[in-house]
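Spelled out from the first residue to the last, the chains are:
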Amino acid sequence: MTNDFLTIHNIRKIYNADTANGVVALNNLSFSVTKGEFITIVGSNASGKTTLFNAIAGSIMFTSGDIILEGKSIIKIPEFRRACFISRVQQNPNDSVMISMTLAENLAMAKLKGKRAGLSKGVKKEWRDEFFALLKPLGLGLEKRLDDKIDLLSGGQKQTVALLMATIVKPKILLLDEHTAALDPKMSKKVLEITNRLVKDSGVTTLMITHNIHHAVEFGSRLILLDKGRVGFEANGEHKQKLNVVDVVEKMENKIAEFEEDISIPAVKK
Amino acid sequence: MTDIIFTSVELGLLYALVVLGVFLTFRILNFPDLTVDGSFATGAAATAIAIHAGVPGLIAIIVGFLAGFLAGSLTAFLHIRLGIGKILAGILSLSMLYTINLRLMGSPNLSLLNQENIISFLKTPTNPIYTIIFLLAVVLFVKFLLDWFLQTEFGLQFRATGDNESTSQSFAINTNAKKFLGIGLSNGLVGVAGGLVAQYQGFADVNMGIGTIILGLAALMLGEVLILNGKIGTITTSIIIGAILYQLIINFALRLGLAGTDLKFVTALIVVIALVIGNNKKYLSHDK
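Protein chains in written order, with this note's numbering: chain A, 1 to 270; chain B, 1 to 288.
Within a straight-line C-alpha distance of at most 30 Å, the following computed DSS-like cross-link-like pairs (lysine-lysine) qualify:
hint: 1; chain 1: A; residue 1: 200; chain 2: A; residue 2: 124
hint: 2; chain 1: B; residue 1: 143; chain 2: A; residue 2: 121
hint: 3; chain 1: B; residue 1: 231; chain 2: A; residue 2: 124
Chain B residues, not near chain A, derived (Cβ > 12 Å throughout):
hint: 4; residue: 6
hint: 5; residue: 32
hint: 6; residue: 77
hint: 7; residue: 83
hint: 8; residue: 96
hint: 9; residue: 99
hint: 10; residue: 128
hint: 11; residue: 200
hint: 12; residue: 202
hint: 13; residue: 245
hint: 14; residue: 255
hint: 15; residue: 274
Output of the computed footprint for chain B on chain A, the stretches with three or more beta carbons under 8 Å from beta carbons of chain B:
hint: 16; region: 75 to 84
hint: 17; region: 103 to 112
hint: 18; region: 119 to 131
Since the hints were derived computationally from the structure, they do not count as laboratory data. Glycine included, C-beta positions come from ideal geometry on N, C-alpha and C.
Modelling step: build the complete structure from the supplied sequences, incorporating the hints.
Okay, structure coming up:
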């Protein structure tokens, strides 16, 4: 266990605990991540995917369990401090960027991550050159729009910028929460290709939630199927390469069938 | 005619600081801060007390700033530390400030008529231009300071906090600290305005803050009509012009026979009209 980069240890999260509506979102979930892995996470609705990300990023407290990064528990670190080493791209393009600010200002803000913000100029000349060089190879024409309000960009462009913002200061962990779900198929593919390139080039440890089984199978080095708040199925290495979409869909359907058969799910455990 | 214009410009510049403060909270921080009605009088009270203690008028303004900043901190504390809603925190705070202001001054008002102060020093019965130059210098100083601040590294994080608080946290921004500072700074500016108005009218009064927030909003919205582009410098300039425009409208309306007691209604009406126009703009620009 000591060689693991990130360990999710027995996490349990119950929403509305102690009430009749109690829902177990994460049911003693455990898994480990090796440094540099690119994990795709699939699962039906309410399988606990986003709750897992919220727990890692620190947006929610959980009932019990621990999250260990490089041998140290991080659960006592408040969200905004954890953000120094955990980056996140949200599903909604408007939640990943600052819509009232310009493209350059957004990227500059991302560059300030983990630094002590001072009273020097926010968007520095040398940063602008860096942003230009970063945006040009994407082929989206964004390098000419550094001074445009980011709200004028399309959803796909926003998500691309969000990806750059999440990785411009290399994080230890990158969390992608269905970041292409709100895009059209073409743009979705484009953003995923950019994602794949960014992840490979930087070697950042990445967890990506997706509802698109094709993407989950095609990208990443390991696939995890979450089911009722625990790991329902996983595949990595050769196994993952041989995996095809039909297999995964079948696994998911089996899990759903199990779910429907199982009539005595204890929602509230005291 | 010219006297109306001069008076309007004077008052416009005095209240421009309030409007810049309101802009900082309502627009940049997305925090509808109602403390202004209280902190305006707090700034005035603190300035008046300082002048009575022999502090020169110019330095007494800084005292007004600090008093306003503290008043804002009270609201920030109620909201951030105690978790009270934004609007309610402001209302509770301005209610507390009413008592605090009375206690500070020891009476409902404090005259400055026999005290040397910065405006009485500048003001000659025949020539109001020195007062205007002085006020313009103060307002422009604050404007350029604000323009600069909002474009620094810290300023970017500050604006991000108002734009999207939860996303800001995922960019490692301590949003609570930014909000605390922003509400403090905003009310500090309001406190300066209160101190200047007290020196201008020759007294500080515990009721002088009532209606300041509505006035600030009306002027802010008038100014926003004039905004040509999204540059911060343009926005702050438009807001200052809006503050003067508001005084011109009100003073001409008074000259045309509007009763002084109708002012609050008219001001609120300006805010309503601006809001409706704003809503319609959004509606009209919508594709369907």
